[in-house]
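Chains as they are written, first to last, in the UniProt record's numbering: chain D, 1 to 210; chain R, 1 to 210; chain H, 1 to 210.
No wet-lab data here; the hints were simulated from the structure.
Please note that the accuracy of each hint is not assured.
Have a look at the derived ranges for each label pair, beta carbon to beta carbon [stated by the list, open to error]:
(1) H:ALA183 to R:TRP193: 48 to 54 Å
(2) D:ALA194 to R:LEU88: 44 to 50 Å
(3) R:LEU88 to H:LEU70: 48 to 54 Å
(4) D:LEU66 to R:LEU88: 37 to 43 Å
(5) H:LEU88 to D:ALA194: 24 to 30 Å
(6) R:GLY113 to H:LEU70: 43 to 49 Å
(7) D:ARG190 to H:VAL54: 42 to 48 Å
(8) R:PHE77 to D:PRO140: 38 to 44 Å
(9) R:VAL54 to H:LEU88: 40 to 46 Å
(10) H:VAL166 to D:VAL54: 37 to 43 Å
(11) H:ALA183 to R:LYS87: 39 to 45 Å
Using 20 Å as the maximum straight-line C-alpha spacing, the simulated PhoX-like pairs for lysine-lysine come out as follows [said to hold, decoys possible]:
(12) R:LYS205 to D:LYS26
(13) H:LYS145 to H:LYS205
(14) D:LYS205 to H:LYS145
(15) H:LYS26 to D:LYS205
(16) R:LYS205 to R:LYS145
(17) D:LYS87 to R:LYS205
(18) R:LYS87 to H:LYS205
(19) R:LYS145 to D:LYS26
Computed from a predicted structure; not experimentally measured.
For glycine and all other residues, C-beta sits at the position ideal for the given N, C-alpha and C.
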Amino acid sequence: MNAITLLDYAGVTVFAATGALAASRKQLDIIGYLFLASVTGIGGGTFRDLILGVPVFWVGNRVYVLICALVAVLVFFTAYRIESRYKLLLWLDAVGLAAFSVMGAAKGLAITGSPVVAIVTGVLTATFGGILRDLLAGEPSVLLKPEIYVSAALAGAAVFTLGALVGLPPYAADLAGFVAAFAVRGGALRFGWAFPSYKSRPGRKPEDIP
Amino acid sequence: MNAITLLDYAGVTVFAATGALAASRKQLDIIGYLFLASVTGIGGGTFRDLILGVPVFWVGNRVYVLICALVAVLVFFTAYRIESRYKLLLWLDAVGLAAFSVMGAAKGLAITGSPVVAIVTGVLTATFGGILRDLLAGEPSVLLKPEIYVSAALAGAAVFTLGALVGLPPYAADLAGFVAAFAVRGGALRFGWAFPSYKSRPGRKPEDIP
Amino acid sequence: MNAITLLDYAGVTVFAATGALAASRKQLDIIGYLFLASVTGIGGGTFRDLILGVPVFWVGNRVYVLICALVAVLVFFTAYRIESRYKLLLWLDAVGLAAFSVMGAAKGLAITGSPVVAIVTGVLTATFGGILRDLLAGEPSVLLKPEIYVSAALAGAAVFTLGALVGLPPYAADLAGFVAAFAVRGGALRFGWAFPSYKSRPGRKPEDIP
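So here's chain D without its partners, still in its complex pose (with noise of 0.2 Å):
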């Protein structure tokens, strides 16, 4: 098993885990963890496939489906004992962030050769599962957090192909994407990390504008 398969198998872990996580804090039955946990565990994988063209990647392989509902099961019979399931959800969701800026960059890397296309769907493979899963389970949406996130999946997947570009080893570079996108994300959960800001206005109520 190779590094890119190892992060692609803890993403789904890690991120099935944060959907299952999110359906215990819904207080959703088994049947809803099964829901939330496949959907932002192979989301942002399928949607990458999409876009790049090639066969979704679990179609042709029942284990990731397999692995999403495994975790589901699990988190149902022990989230009841986790103290704080929103911060485990958040760290979670960090390792997950930091396995899939790597894994999407390499495969939009692999197929079209072109790094700005490598970035976007490193992004978009990092950010799509967490956003799905806010979105379905009303949970604040991580976008509109003044914390770093997307960010941390771009450093991540910049690095990564920055890394392929200049002829690293395979290992180097998957391992210095993970590490920029992790540091960044775990810097913003543990010290609040955020960008200086404009300070602009915030936007006014559409009925409140003359």
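With the hints as your guide, set chains R and H onto chain D.
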């Protein structure tokens, strides 16, 4: 016209009607009815075909879009007579859910030969149109309710797939899947069936977590 | 550069600008601008290409992603000067809607030869990016407002398709479609045009239904 084609047209028709009823609840104009009816009627099948990598079903056959348009116009002129549009919406949605759980599983099984994929495409086809409708119309998502919903689609897809694997004649497997899904969802609507749940604590709001 | 290519770049540019303006209203950081500008700028066309089963347009041509990035940076440094970002967003959205309704219909017609499919892909291409933007940015969805929106896309796609079918030269059909869509949407923005509606009762909340 075989049983699968019949299920297909029936599913598109009733899902289009639920989209139009949602448009009526939101007091949209006629084009809003057309839009929501189309998205709901053909959304699930579109997603299924993209994932399976086959041509999207309504691109090659204009009948589907015309059904959605016809249903939208019909509901536009009659919805004001209906006493409870939401109840009608839920029951039509149950019919569509049952039809599409079988239809989606049948197409997934025919194309990939994998029972696991068949069950996933059955569930996705059956639930995706309704999820899109609720998201776009701002209705409370049926996913987050305690009542059984995704489970009904799972029951229909699983019963059909099992029936097909043990060699039931197509009509029988189709019918068994349809009846299974409709019975489960109908029971949930009529009697409030829900899975026993762990009664996990509800999730706290992110800002309340220390 | 022919008229369709021009409409394509123009549509991507103005939709990217609306995404960046939404990011400004939500006080996101620069990466949030990049993300929303890209999703809005290339979202509708991505969906169109997936449905038509052709390679996604921006995967083979990096110019589109670079346009989105450039627009995002430009808006990031200038949006604070704009008095009403929401009004500007709405008018740019109208330009993009008109450009993409023609562009989407032209591509659908060229690939399938079906006028019905051309009109549907025109409407989808024109509206999907904006719907995604509103969903992700938590803006009130333009779909649920009484003003005419989807209808404008429908007008543009239908006028273009009709023009192409009766044999207008490409430039003329493109222009007629663009003008039709922009006139309808512009009229709705300026004069509050709305369809006469049935004044159906608003939907009750599910919990209020006996």
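| Status of the given 42 to 48 Å range, CB of H:VAL54 versus CB of D:ARG190 | holds (45 Å)
| query | That 37 to 43 Å hint for D:LEU66 and R:LEU88 (C-beta), does it hold up? | reply | Check passed, 38 Å falls within 37 to 43 Å.
| said: Given the hinted pair R:LYS145 and D:LYS26, is their Cα-Cα distance within 20 Å? | reply: Holds: R:LYS145 and D:LYS26 sit about 9 Å apart, inside 20 Å.
| request: Would you check the hint for D:LYS87 and R:LYS205, treating anything up to 20 Å between C-alpha atoms as holding? | output: Judged against 20 Å, a Cα distance of about 11 Å means the pair holds.
| Given the hinted pair H:LYS145 and H:LYS205, is their alpha-carbon gap at most 20 Å? | holds (19 Å)
| task | Verify the proposed pairing of D:LYS205 with H:LYS145, using a straight-line Cα cut of 20 Å. | result | Holds - the C-alpha atoms of H:LYS145 and D:LYS205 are around 14 Å apart, at most 20 Å.
| request: Hint says 44 to 50 Å; check whether the CB-CB distance for D:ALA194 and R:LEU88 agrees. | output: holds (48 Å)
| said: 48 to 54 Å was suggested as the range; check whether the CB atoms of H:ALA183 and R:TRP193 agree with it. | reply: 53 Å Cβ-Cβ, so the 48 to 54 Å window holds.
| query | Is the gap between the beta carbons of R:LEU88 and H:LEU70 within 48 to 54 Å? | reply | holds (50 Å)
| Holds or violated: are the alpha carbons of R:LYS205 and R:LYS145 at most 20 Å from each other? | Holds - the C-alpha atoms of R:LYS145 and R:LYS205 are around 19 Å apart, at most 20 Å.
| request: Indicate whether the distance between the beta carbons of R:GLY113 and H:LEU70 respects the range 43 to 49 Å. | output: For H:LEU70 against R:GLY113, whose Cβ atoms are near 47 Å apart, the range 43 to 49 Å holds.
| task | Confirm or reject the claim that H:LEU88 and D:ALA194 have a C-beta distance inside 24 to 30 Å. | result | For H:LEU88 and D:ALA194 the Cβ distance comes to about 26 Å; the hint holds.
The earlier numbered hints are all upheld by this structure, with none contradicted.
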